[in-house]
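Residues in the sequence shown are numbered consecutively from 379, following my numbering.
It is possible that part of the hints are untrue.
When the alpha-carbon atoms are kept at most 25 Å apart in a straight line, the in silico SDA-like pairs for lysine to any residue are as follows [as the list claims (entries may be wrong)]: (1) 431 / 414; (2) 459 / 401; (3) 470 / 402; (4) 406 / 395; (5) 406 / 463; (6) 459 / 410; (7) 470 / 394; (8) 458 / 432; (9) 458 / 444; (10) 406 / 465; (11) 470 / 398.
So the derived label-pair ranges between C-beta atoms look like this [claimed, not checked]: (12) 437 / 390: 48 to 56 Å; (13) 465 / 438: 33 to 41 Å; (14) 384 / 465: 26 to 34 Å; (15) 386 / 470: 18 to 26 Å; (16) 432 / 407: 15 to 23 Å; (17) 435 / 387: 53 to 61 Å; (18) 465 / 420: 17 to 25 Å; (19) 392 / 441: 45 to 53 Å; (20) 386 / 436: 52 to 60 Å; (21) 437 / 394: 42 to 50 Å.
These are calculated hints, taken from the structure and not from any lab test. Positions of the beta carbon are idealized from the N, C-alpha and C atoms, including for glycine.
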Amino acid sequence: MTDFMKVMQQVQQMQSRLQQIQDELGQKTVSGASGGGMVSVTADGRGQVRSVKIDPSVVNPADVEMLEDLVLVAVNEAQKKAAALAQEEAGKLTGGMNLPFKMPF
Numbered sequence: 379m380t381d382f383m384k385v386m387q388q389v390q391q392m393q394s395r396l397q398q399i400q401d402e403l404g405q406k407t408v409s410g411a412s413g414g415g416m417v418s419v420t421a422d423g424r425g426q427v428r429s430v431k432i433d434p435s436v437v438n439p440a441d442v443e444m445l446e447d448l449v450l451v452a453v454n455e456a457q458k459k460a461a462a463l464a465q466e467e468a469g470k471l472t473g474g475m476n477l478p479f480k481m482p483f
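Put together the whole structure using the sequences plus the hints.
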């Protein structure tokens with residue numbers, strides 16, 4: 379029974395550390411850009427977009443589709459960087475093991 383209690387304590391510690399990692403990721407930022415930096419997106423470490431910056435020179439009412447594509451590429455890049463950051467932080471908790479399930483952030 380002692381082993382079970384020890385395992386439960388370790389699980390609680392891991393849950394606490396996961397919550398701490400989530401909180402820390404919410405404070406970190408990553409950026410994605412497209413169009414040579416004409417469109418940039420900043421997201422937190424959980425992938426939530428926090429800001430979008432668009433250079434006025436790419437705003438062309440006759441070609442809205444290009445601007446939409448630039449924004450999409452920048453958002454995707456920022457979210458990929460956030461996912462990589464989250465994986466890196468989770469790896470610190472798991473000792474670098476790649477777990478077969480997605481982390482909850």
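Comparing the hints with the structure gives:
1. Between the alpha carbons of residue 431 and residue 414 the distance comes to roughly 13 Å, so the proposed pair stays at or under 25 Å and holds.
2. Restraint check for residue 459 and residue 401: satisfied, since their Cα atoms lie roughly 17 Å apart, inside the 25 Å limit.
3. With a C-alpha separation of about 13 Å, the suggested pairing of residue 470 with residue 402 holds against the 25 Å cut-off.
4. For the hint linking residue 406 to residue 395, the alpha-carbon distance of about 16 Å falls within 25 Å, and the restraint holds.
5. Simply put, residue 406 and residue 463 have alpha-carbon atoms about 9 Å apart, close enough for the 25 Å limit, and the pair holds.
6. Taken as a hint, the residue 459 and residue 410 pair is honoured in the structure, with Cα atoms around 8 Å apart against an allowance of 25 Å.
7. Only pairs whose Cα atoms come within 25 Å are accepted, and residue 470 paired with residue 394 is accepted, the gap being roughly 14 Å.
8. With a CA separation close to 20 Å, the supplied pair residue 458 and residue 432 stays within the 25 Å bound.
9. Only pairs whose Cα atoms come within 25 Å are accepted, and residue 458 paired with residue 444 is accepted, the gap being roughly 21 Å.
10. The hinted pair formed by residue 406 and residue 465 meets the criterion: a straight-line CA distance of about 14 Å does not exceed 25 Å.
11. The straight-line distance between the Cα atoms of residue 470 and residue 398 is roughly 12 Å, inside the 25 Å bound, and the hint therefore holds.
12. Range check, residue 437 to residue 390: Cβ separation about 52 Å, and the 48 to 56 Å hint holds.
13. A hinted range of 33 to 41 Å holds for the C-beta pair residue 465 and residue 438, which are about 37 Å apart.
14. At about 28 Å, the CB distance of residue 384 to residue 465 agrees with the hint of 26 to 34 Å.
15. At about 22 Å, the CB distance of residue 386 to residue 470 agrees with the hint of 18 to 26 Å.
16. Against the hinted window of 15 to 23 Å, the Cβ-Cβ separation of residue 432 and residue 407 comes to about 18 Å, which satisfies the hint.
17. Taking 53 to 61 Å as the suggested C-beta distance range, the pair residue 435 and residue 387 conforms, at roughly 58 Å.
18. At roughly 19 Å, the beta-carbon separation of residue 465 and residue 420 lies within the given 17 to 25 Å, and the hint holds.
19. Range check, residue 392 to residue 441: Cβ separation about 50 Å, and the 45 to 53 Å hint holds.
20. Residue 386 and residue 436 have their C-beta atoms about 55 Å apart, which keeps the hinted 52 to 60 Å range intact.
21. The hinted range of 42 to 50 Å is satisfied by residue 437 and residue 394, whose Cβ atoms lie roughly 47 Å apart.
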